[in-house]
Structure formats: structure tokens, C-alpha cells
Amino acid sequence: MLQEEEDLSLTIAHIVQKLKGSRLYSQLERQAWVSLQKPEIKLESLKEDIKEFFKISGWEKKLQNAVYSELTVFPLPRHPAAPPEHLKEPLVYMRKAQGSWEKRILKSLNSMCTELSIPLARKRPVVEQKELLNKWNEMGTDEPDLSLFRPVYAPKDFLEVLINLRNPNYENGDHLNLKTHLGLIQVPLKVKYISELKEFFIELSLNTGQLGIDDATQVPPELFENEHVRLGQKVLAEQDSAAAQQYIRQGSPTALRAELWALILNVSNQPEDLLYYEQLKSNVIQHDLLVDSLIYKDVKLTASNDDYYFVFEDYLYQVLLCFSRDTSVLGHFAYNSASPPKSYIRGKLGMEDYAVFYPPNGVIPFHGFSMYVAPLCFLYHEPSKLYQIFREMYVRFFFRLHSISSHPSGIVSLCLLFETLLQTHLPQLFYHLREIGAQPLRISFKWMVRAFSGYLATDQLLLLWDRILGYNSLEILAVLAAAVFAFRAVNLMEVTSLAAAEAVLADLSTLKVMPLLQIFLFATIT
Amino acid sequence: MSKPRNQCAKGHGAPKAKEREGEWDFYWCDVSWLRENFDHTYMDEHVRISHFRNHYELTRKNYMVKNLKRFRKQLERDVGKLEAAKCDFFPKTFELPSDYHLFVEEFRKTPGITWIMKPVARSQGKGIFLFRKLKDIMDWRKDVGRSDDQKDDIPVENYVAQRYIENPYLIGGRKFDLRVYVLVMSYIPLRAWLYRDGFLRFSNTRFTLSSIDDHYVHLTNVAVQKTSPDYDPEKGCKWMIQRFRQYLTSKHGPEAVETLFRDMDNIFIKSLQSVQKVIISDKHCFELYGYDILIDQDLKPWLLEVNASPSLAASSQEDYHLKTCLLEDTLHIVDMETRLTGKEKRVGGFDLMWNDGPVSREEEGIDTPGPGNFVANTHLGCNNDRKKQLRQLFRSLHSQKKVTS
Chain A
1 MLQEEEDLSL
11 TIAHIVQKLK
21 GSRLYSQLER
31 QAWVSLQKPE
41 IKLESLKEDI
51 KEFFKISGWE
61 KKLQNAVYSE
71 LTVFPLPRHP
81 AAPPEHLKEP
91 LVYMRKAQGS
101 WEKRILKSLN
111 SMCTELSIPL
121 ARKRPVVEQK
131 ELLNKWNEMG
141 TDEPDLSLFR
151 PVYAPKDFLE
161 VLINLRNPNY
171 ENGDHLNLKT
181 HLGLIQVPLK
191 VKYISELKEF
201 FIELSLNTGQ
211 LGIDDATQVP
221 PELFENEHVR
231 LGQKVLAEQD
241 SAAAQQYIRQ
251 GSPTALRAEL
261 WALILNVSNQ
271 PEDLLYYEQL
281 KSNVIQHDLL
291 VDSLIYKDVK
301 LTASNDDYYF
311 VFEDYLYQVL
321 LCFSRDTSVL
331 GHFAYNSASP
341 PKSYIRGKLG
351 MEDYAVFYPP
361 NGVIPFHGFS
371 MYVAPLCFLY
381 HEPSKLYQIF
391 REMYVRFFFR
401 LHSISSHPSG
411 IVSLCLLFET
421 LLQTHLPQLF
431 YHLREIGAQP
441 LRISFKWMVR
451 AFSGYLATDQ
461 LLLLWDRILG
471 YNSLEILAVL
481 AAAVFAFRAV
491 NLMEVTSLAA
501 AEAVLADLST
511 LKVMPLLQIF
521 LFATIT
Chain B
1 MSKPRNQCAK
11 GHGAPKAKER
21 EGEWDFYWCD
31 VSWLRENFDH
41 TYMDEHVRIS
51 HFRNHYELTR
61 KNYMVKNLKR
71 FRKQLERDVG
81 KLEAAKCDFF
91 PKTFELPSDY
101 HLFVEEFRKT
111 PGITWIMKPV
121 ARSQGKGIFL
131 FRKLKDIMDW
141 RKDVGRSDDQ
151 KDDIPVENYV
161 AQRYIENPYL
171 IGGRKFDLRV
181 YVLVMSYIPL
191 RAWLYRDGFL
201 RFSNTRFTLS
211 SIDDHYVHLT
221 NVAVQKTSPD
231 YDPEKGCKWM
241 IQRFRQYLTS
251 KHGPEAVETL
261 FRDMDNIFIK
271 SLQSVQKVII
281 SDKHCFELYG
291 YDILIDQDLK
301 PWLLEVNASP
311 SLAASSQEDY
321 HLKTCLLEDT
331 LHIVDMETRL
341 TGKEKRVGGF
351 DLMWNDGPVS
361 REEEGIDTPG
371 PGNFVANTHL
381 GCNNDRKKQL
391 RQLFRSLHSQ
401 KKVTS
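Note that the protein sequences, when read in sequence, are chains A and B. Using this note's numbering, the final residue of the first sequence is 526, and nothing's skipped along the way. Using this note's numbering, the final residue of the second sequence is 405, and nothing's skipped along the way.
Derived by calculation from the structure, the hints in this document are not laboratory data. Accuracy of the hints is not assured; some may be wrong.
20 Å max Cα-Cα, derived SDA-like pairs, lysine to any residue [unchecked claim]:
#, chain 1, residue 1, chain 2, residue 2
1, A, 512, B, 245
2, B, 387, A, 509
3, A, 234, B, 104
4, A, 385, B, 249
5, A, 512, B, 387
6, B, 92, B, 104
Sample of chain B residues at the chain A side, in silico, Cβ under 10 Å [stated by the list, open to error]:
#, residue
7, 176
8, 243
9, 246
10, 316
11, 399
12, 401
Here the structure is a predicted model, which is why all the values come from computation and not from measurement. All C-beta atoms, glycine included, are put in the ideal place defined by N, C-alpha and C.
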């Protein structure tokens, strides 16, 4: 009991400290001062009256949302004596692996830089600045020569690193037994069993209405859809983040999705946010970064070639170029096992005083990175709002898909969860695929790293991402990957090579996500 | 990629091309054949042909404008201004050279706006250009008049000058138009079906009014886009209408989208009604039209043109699928095998839109909704589970036949 109380007061202190520095705090302060003018505020009961005022005017709700947001994003401090690295990643071997992976990436980036003799960053001449400003809304028309650039890494390179992860304290034993894990990931992390998943994803069960299933044409809307939409409108009217997160577990109506996501992520388009975005934009105009070319190349290779996202090419540049320069993103490295790469001013290598983070936001894009942004263009059309939503999605979820950590939503755990589910519930399929040299993870890894963006049809993808927000967890990606294999099991049993297996699973665009998840979790005999 | 038409006909078992002169039951003909042969071809009762004799009343821009104007006047007389205003979905158009002076009058009334010049009979974007100054077409007039290097048998073409829609709805900064398919089985009485699927064609470059010479920006016909320098056939400049409907719903809400699609229904019906009395009605004829619609920033749909021979060539796998299913369902409705009862409101991806009167989504009979609750039986951009529907339909037809035989 005492320990819990200590933890709670530690958490409260932590959150209060965080919020004190935020804009909301100064707004609340200002509101409190203004309220003193009101007749209902009396000196004797000042505290209660102001609290009452906040409740009525909706400011308490905003505070509640901010606190909820902090709780959701920041992990609770484990032990007062734990060093900050433990917040990033408690396991030493994972930290070491992430560190060496980062060294490799940075080396690759630096060597590309030296090979092409392009500086990591340079100031643009005024003429070029003017040109870029004019072209800001149609940067896609630019056709710079990107043939010499290559993506710093692709998901399959990252997979190789994960396959080689080993816990030095863990001895698996030489002989195979029932407990032996047949998959590629060989680290002993705790992942949920299907019974735990059923409990965790209880709102997806067969008895609960879902958007993605119960809004199909044959189902009369009175059964579920109408009521669900009404409920959604109420949640939005209340502006309650926590309620919205609970609500969205059953899916979001198309018309309400943009607002619901903004509410859950606690993103509001204040004038300060617009100003911040404009500031980032001017940073882009003034300086050219090597990373920009990597972004261009990635967009051209992936999103521009997608049948549905090619239309949003210009938005992608506007978001990603600004994202690279956003130093507020550095804040998420407190709980990300990764660390921002450091670079040194020319000639001052090794001198900490001359170290800068490169790129300014500490995130080096890889092949496929722009696909995190593309689906969001469907919902948000105003660049600064789109930008904020993406940034929030990145620092809450997407970063976990390309850093090595033991977090349950980290990519390592997702891979292990996927393989365990497959091995436990489809052992024959797993064994068959392994025998023909088609380890299932080799196929499903790219889906999970991209959170299925570009593989599923957009409406299905948005229904999936609804649930990511609702459950504040990426585990659903692993469950879906396993469900897809289960769905195509019959065809997969007949293939005899990795290439053939890839072919069976090449096209996911016709899949309906929610029925697959429901069947896998709740209607398969385990 | 083999033409969907061949695939379809083979699948249906219906003969596609005539084997011997005059010995065919079903002919998916070219308009040129029609022009030459229709008048002196005898057709049995059961025979079907895929065009109406004078379809050009609807599909040639100058005739369509005339017919629509006349219909509008009639509506104003008979029903009222409000109903007549529903015909204002066609941008102001003038036939040239015949209405040249009327055009100049209108041109002078609204200086500075952009006009588009389109040849009456050509398709796929050929011969179209934009202009803002009368001087531009003065030069063109001289050129046209002087062209002796043209073939002798082609007369001086008729053109239409149309007001250019300067505020099109843009997605990702790009202009687009919609291609929608309407199947007309007869004009008297008017029976028309609307296909649920369709697609958006995007212009390959960003929209800007400052470059009216840039052909590629303003014309969204795939045929023109194919010649644009950065055209990438792999990219596919098309979206399915379902995707578009979802996109609009998330941006503007369901009511606005319902209104837009209702306005589009209005376009189809009014345009068909305007030529109803002019088209030579023939029970052998049916026609599949491709409607080109442009949407402006106020979510108002405009009719660009109606095609009697919409392209059935496929530009991608998805496109191929759409066109094959479209043709299959067309053949189902034409019903050479007389399987249908004639009372169906939906066959595959087609919904019966007009049956000598509006068709309601509700079932007839018990609890027929009052006039205020009328919801049209159209589902453009909605889920198209045609395979399932066809299966159910033919199963029930089969069992009905069994009962009666």
C-alpha cells in the first residue's frame, strides 16, 4: 500500500512538473486571474469557486485531457533511484544492441555524405530560398537528381539485426523441446497469450458491435451504427480524451474520425501551433539538410507510386521536411530506447561543446518512412494540423516500430508475439513454412514496421489505426499479421518456396481487417 | 491486357461479332457501323443492339446543349422556375460558328473569365484549348477557315465555346473529373440504371489558372494524360469512386456528400429526360453511357459531357476488373436469355434509377413512405457486392421458374 502511494505521489509530482512548463498552465493561470473579476468568485471560498469556474467553462476538461495524455505517453518512473537509461530501456543487452545499430546507421549516413561530398547541412542561398518558398505547395514537381542517394536502411536490414539479438544471461539448452521457439526472434520477452489478448481486446469480441463489421450493408443501421454515431457525437461534444479513447475501440465513423483522433492525441490547432509550424517551415527554407534528399527519395519511391496516396505527395514533403527540423521531437528520446545521433561541427570532432543532433529531430528516415504520414492525409488537409497529428502519432507509436527495446509494443515484442501466436495456433503451417525456407516473419515484418500502411486498403487501415489509438498499443499489428496467415493458410500449405509464399501474401488490399481479427481472437478453436 | 469486351461476351455465351451478314442476335457495334447500316437492317424481335440510332442528340455537345435548353424552357413553363433551375448543371455553352454573336455578347458581359473551346464530335481531349481573350479565337477562326491541308471530306468542324469552371474541387492540389456509367434500356418509357462503381481521373499536374496553355493541367482525360511528360503508367491517375466518397465524407460530413450525390442523380435524369422525345425509340436498342462530371469547390456537380462509346480499354488491374464487371452486368440486364422478370430494382452493380418515374430505395407496398421521405434507389460510390447479389437473384429466379413450369 505504501509503495503504491509513493508511486502515485511520484507520478503526480512528475506530471505536475511537466505541465508547469506547458502552455496550458499559463492559460489556466490567465483564466484564473480573469475569473477574479466575476461576481461569483468570493474571497472566502476562493479556491472552491475558481475550481467550480474551471469545471463549468471546460478548462477542467482540458486539464484532464492533458493529464491523461501525459499518463498515456510517459511510462511511470519505476524506482526513484533508477537511472534515466532505464526509462528508455531497462535491459542492458537491448540498450547495447540499439547503440551498435545506431552507430551503423550513422556510419552509413556519414559515408554517403563523404562519397557524394554533400554537407550534412548547408545554408541555402537567397535565390534558392525564394524559389523554394514559391514552390512550397508543389514540391512534388521538383525532380532533383536522386540517383546517387540510397535509403540509409530498409526494414529487412533491421530485421537481420533483430534476428541476431541474444540475451547473454539466457541459456536455451541444446536440445529441442516443446518450448523451443521455432521462429527467428530468439530473445525471451514476455508476450501475451491468446487468453490474455482476448481479455485485452475485449471490445472486439463477437458480442460487441464494431465498425468494420456491423456497419456492412446488410446490417440495418438501427442495430448498431446509428447509436454508435450518436455516441461519437456526444463524446466529441464533451471533449473528453479518455472517453474518446474508450469509444474508438469499436471503430470511428468516417465523418468523426479526424476530430476523434485529434481529441485522443490531445492536438488542438492553437495559434501558437500554427506559428510553430511556420517557424519550422522557415527553417526548411533557410537550410538544406542531407536528410531532405533522403526524404525526397523515399516519397518518390513509395508514396508517389501508390495508387491512392500519390495525390498527397506535396503534403508529405510539407510534413516530413518540417518534421526533420522539429527539436521538440527530441523529448521523446527520454522514453525511446534510441538516442539521437550526434554530429560535430566541422573540425571539432569529439568536442562535446560542438556537438549537434543530426538531423535536428534525431530521427533518421528509412525506406518507407513516408508511409506513416500518407494515410493521415486522408483525414487532415490543413498542413499544420496534419503535421501535429503526425508528430504526435510518431512520438506515441511509430517510433517503437524501428527501435530495439523490450517494450510490449516495441517491434521486437511484436515479432515475437506474431511468431508465438502462429506457432501455437497454426503449428502445421509454421513448421511447413519453416521447412521450405519461408520463415513467416520474413514476410510479415514489413507489414508491421509500416503499421500495414500501403498494404491494406485505406478505409481498412484507418479502422486498424482506430484500434491502435483506442488500446494505446501496437500489439494489434502482430495479431492482424497472424490472422492474415491464418486466413490464407490453405494456400500457404501448398507453396514450396519463399517466393511462392510471398506471392500468396503479396496483395492484402482486399482484406477486411475487423472480421479477420475477430475470427482469429474469438472464433478460432484454441 | 485483353479487352474486357471479349472476355465478357465469351463468358456470357452470347455471340459477339456477326458471323454471316445479318445473322446476329446481339451486336456491340461501333457508331460508324450504326450510321451506315441501322436504317436498312432488319432485326428480329429478340435482337439487341448497343446504340440508339440518334444517340448524338445526347452525346454531341452542341445537340445536347440545344436539347437541354429547350427542356429547361419547357420545365419553366410547365412546372416553374425552381424545377427549371435544376437544369443548370451545364456550364454556359455556345455553338460556333452559328451562335458566334450570342457568344460574344455573353463574353463581353463577363470579361476576364476563362472559356474552353471543344470540338463537337471529337473525343479523348483532341482539339481542345482554353482562352481568355477574343483575340485568341480570332486567330483560330482564321486558321480554321484557311485550312486547305485538311482532308476534303471533313467539313469545317462545329465547336462549342463553354464557360470554363475556374474553381474545381482539388484533391492534393490536383484537378479531377468523375466517370459514371448509366445504362438506358429504353427512352419511351424511360428506364435507366446507374452503376455503383466509377472512377476519378486525376490531372497529372497541380492545378493553376496561370498556365492555360499547359494542356496537361486542365484536361483530365486519361488519353491526354498519357502523353504528359511525367506520366507514369504505373502510377495510375485514377481513384475508385468509393474511395472518393469516403474521402469527402471524412472531410465534409455525410449530409454534404448525400446532397452532392443526389445532385448528380439529378444530372443523369434531367439530361436523359431532355432527349427523351427526340431519340428514335426502338425496342432493340439499349445504350451504355459514360458521363463525365466535374465537381467545383462548392460541391456542385457539373456535366462535362456524355459519351456513347465509353472507353472499355483498361489501364490497370483494378480498371480491368471494373470494366469487365460493368459489361457483365450490362449483359445481364439486356437479358438475351430472358431470365429476369422485369421487376428487379438491382442487378449486380446496377441500380434501377428511373422507371418511367423515380425509383425509391424502399420496398413497394406496405408502409410506402410519404413524399417527404423519398430516398432514391441509387448507390453511386457505395459498396458493390455484386457477386453475392447476382447469386441470390439468379437463385430466386431459378426457383420461381421451377414453380411456374
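Here is what the structure says about each hint:
no.	hint	verdict
1	A:512 <-> B:245	18 Å, holds
2	B:387 <-> A:509	18 Å, holds
3	A:234 <-> B:104	56 Å, violated
4	A:385 <-> B:249	18 Å, holds
5	A:512 <-> B:387	17 Å, holds
6	B:92 <-> B:104	12 Å, holds
7	176	9 Å, holds
8	243	6 Å, holds
9	246	6 Å, holds
10	316	8 Å, holds
11	399	21 Å, violated
12	401	26 Å, violated
In terms of the numbered hints stated before, the structure departs from hints 3, 11 and 12, listed from lowest to highest.
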